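All the letters of the sequence shown, read from the start, carry residue numbers 1 to 638 under UniProt numbering.
Think of the hints as simulated: they come from the structure by calculation, not from any bench. These numbers were taken from a predicted model, which means no experiment stands behind them. One or more of the hints may lead you astray.
Straight-line distance between alpha carbons at most 20 Å, and here's what the computed PhoX-like set of lysine-lysine pairs gives [what the hints assert, rightly or not]:
1) Lys-305 - Lys-352
2) Lys-244 - Lys-232
3) Lys-293 - Lys-316
4) Lys-351 - Lys-377
Label pairs and their computed distance ranges (CB to CB) [stated by the list, open to error]:
5) Thr-444 - Arg-158: 28 to 38 Å
6) Val-538 - Ser-80: 21 to 31 Å
7) Gln-463 - Asn-246: 30 to 40 Å
We put the CB at the ideal spot given by N, CA and C, even for glycine.
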Amino acid sequence: MFDFVRQHTKIMMGLLFLLIIPSFVFFGLEGYTRMNEGGQVVARVAGSEIKQAEWDFAHRNEVQRMLAQTPSLDPSLLDSPEAKYATLERLVRDRVLAVAADEAHLVTTDARLARALQEDPAIASLRKPDGSLDVERYRLLVGAQGMTPEMFEANARRQISTRQVMAGVGESGFGVAAAADATFGAFLQRREVQVAQFPAGDFSAGLQPTEAELEAWYKGHVEQFRAPEQAKIEYVVLDLDAVKKNIAVNEDDLKSFYSQNNAQLAGKEERRASHILVNAPKSASADERAKAKARAEELLAEVRKNPGSFADVARKSSDDKGSAASGGDLDYLVRSAIDKPIADAIFGLAKKGDISDVVESDFGYHVIQLTDIRAPKVPSFAEMRTQLEGELRTQQAQRQFAETAETFTNTVYEQSDSLKPVADKLKLQIQTATVTPMPAAGATGALANARLLEAVFSTDATQQKRNTEAIEIGTNQLVSARVVEHSPARTQALAEVKDQVRARWIAQRAAELAKQKGEAQLAEWKTQGDKAKLPAAVTIARDDTHQFPAKLIDAALRADPAALPTLLGVDLGEQGYAVVRVDKIAPSRALPAEAEQQVRQQYAQAWGAAETVAYYNLLKERFKVRMEVSAPAGTPAQ
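Can you build the whole structure from these sequences, using the hints too?
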């Protein structure tokens, strides 16, 4: 069937045309679009629906963004129900703020957008030395996020507008000093404690689980041993480097390229000059600047009468103390390294010994003499041959890429049962990898691209083993992949994970034994009262934990001050168990004035954040937000 379609493309296009046009006639464009929109509704905001497909797409982008920022992050953490639900909540939040921005007529102007993009460090790094934007690198940057520049800028404009919705609330929050001191005083409280720990590791020696115990533990925790869907793939990448390898540079073309560009290949012209400065800063009055200019005109007349006296006049009369001692010498300069008025004057003089007119700058008025010209050395063809060949090959590859990309796209489609034809035709390397629907930790390039992974795990690719379409993964970068072997998500058998099961059984059993021992010791010490012999007391705080586990520190600091001294048992999970005697509250350390001010600022920020959350919840009620899917158990309410 598919072969017939591929071999009779024009006939099928005609049939599809006859079938599709009546659909538009009877249902209209909107109805046809709606008919093709599938997926469950997962949330509603102000009557607008968010569907499963939008949620899935947003989560894939979020995973790709986080892995790009933190390559060492375990992708499985981002594939949890909690992580996916967090993405849905962000989608809902964005929709709520967008509706609020539209209702308040908050519009981002072109000037405000341009200013925001200029302040973005990632975009600022794309500036060329002359200040202009490197458009190709900009397209590559936004393309890596699955967007065109137009999409990226529209998204940025939207974000700026929606930020204005919450900015007034968050930035107007303030905290009362007394409340801040009381809150952080409790948080920074110090307590004297005695701690006896029962590490789980002390109880693991000698534990030997039976086969029945391992099987029972495995059956009770089988969800921990789910293997994700996987595919072994072949893939080919077409990029500029691949096109360049197939380009043979003609020697005559190289020589012609050299002759056309030898001026640009030369270094920059350097000029040596001396100057006489009469100080007149911008802050000076008009009268002061007029007097300074008149004085500069007098000095100009003096050195033009006797150009050889320029150095002596500079030593005696220049206000630039740095150069006056050397006769006003400024050493060799390139145009780009100096202010424009000075540069224009120095590089506008025709020959050595020429003297400029009076030149005005932010510092005052200058008289300038050109003392030397160091012409740039033009490298020979032999010296530049390797560089020229690389540049010419790159230029030709850029011109040929579109044509090669069309060949690549057509070949992977027309000969879809193998990547060998396109690899042979374009001299590309067939690479192999094992992938999952989510990018692996540390994945880069094609293997980190969400669109490629989505295509790899499509039904056509996994079941029919056909090449994926040519997918653009960056500027001048196309990829196509083919599934060689597909493994659905499955539960790993006990035999495959037996070592892991044994290790986890031992860890759990050791923790249970540690807890039993700790609870028994706690009960005994409670009967002994003050005679109970615990380790020596130490003073703990949240910023001075003595390397005790966070759970222990939290329990000790939460103990009721009115009930001190008191004995507590703290279950540390797989770490074991601890018994803590909280003796008393220790004197607080006085904070330096700077730290105290910082604490109060943090409190004000926290208060502003709380007010922001409260305002957002009001907006949710106002716009009738409705979640159509349940949050995973344990997910905190917004």
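Against the structure, the hints come out as follows:
Our distance criterion of 20 Å between C-alpha atoms is met by Lys-305 and Lys-352, whose separation comes to about 16 Å. For the hint linking Lys-244 to Lys-232, the alpha-carbon distance of about 29 Å lies beyond 20 Å, and the restraint is violated. Between Lys-293 and Lys-316 the CA atoms are separated by roughly 17 Å; this keeps the pair inside 20 Å, and the hint holds. A hinted pair counts as satisfied when its Cα atoms are at most 20 Å apart, and Lys-351 with Lys-377 qualifies at roughly 18 Å.
Between Thr-444 and Arg-158 the Cβ separation comes to about 29 Å, which falls inside the hinted range of 28 to 38 Å. Checking the proposed 21 to 31 Å range against Val-538 and Ser-80 shows it is violated: the Cβ atoms sit about 38 Å from each other. Gln-463 and Asn-246 have their C-beta atoms about 34 Å apart, which keeps the hinted 30 to 40 Å range intact.
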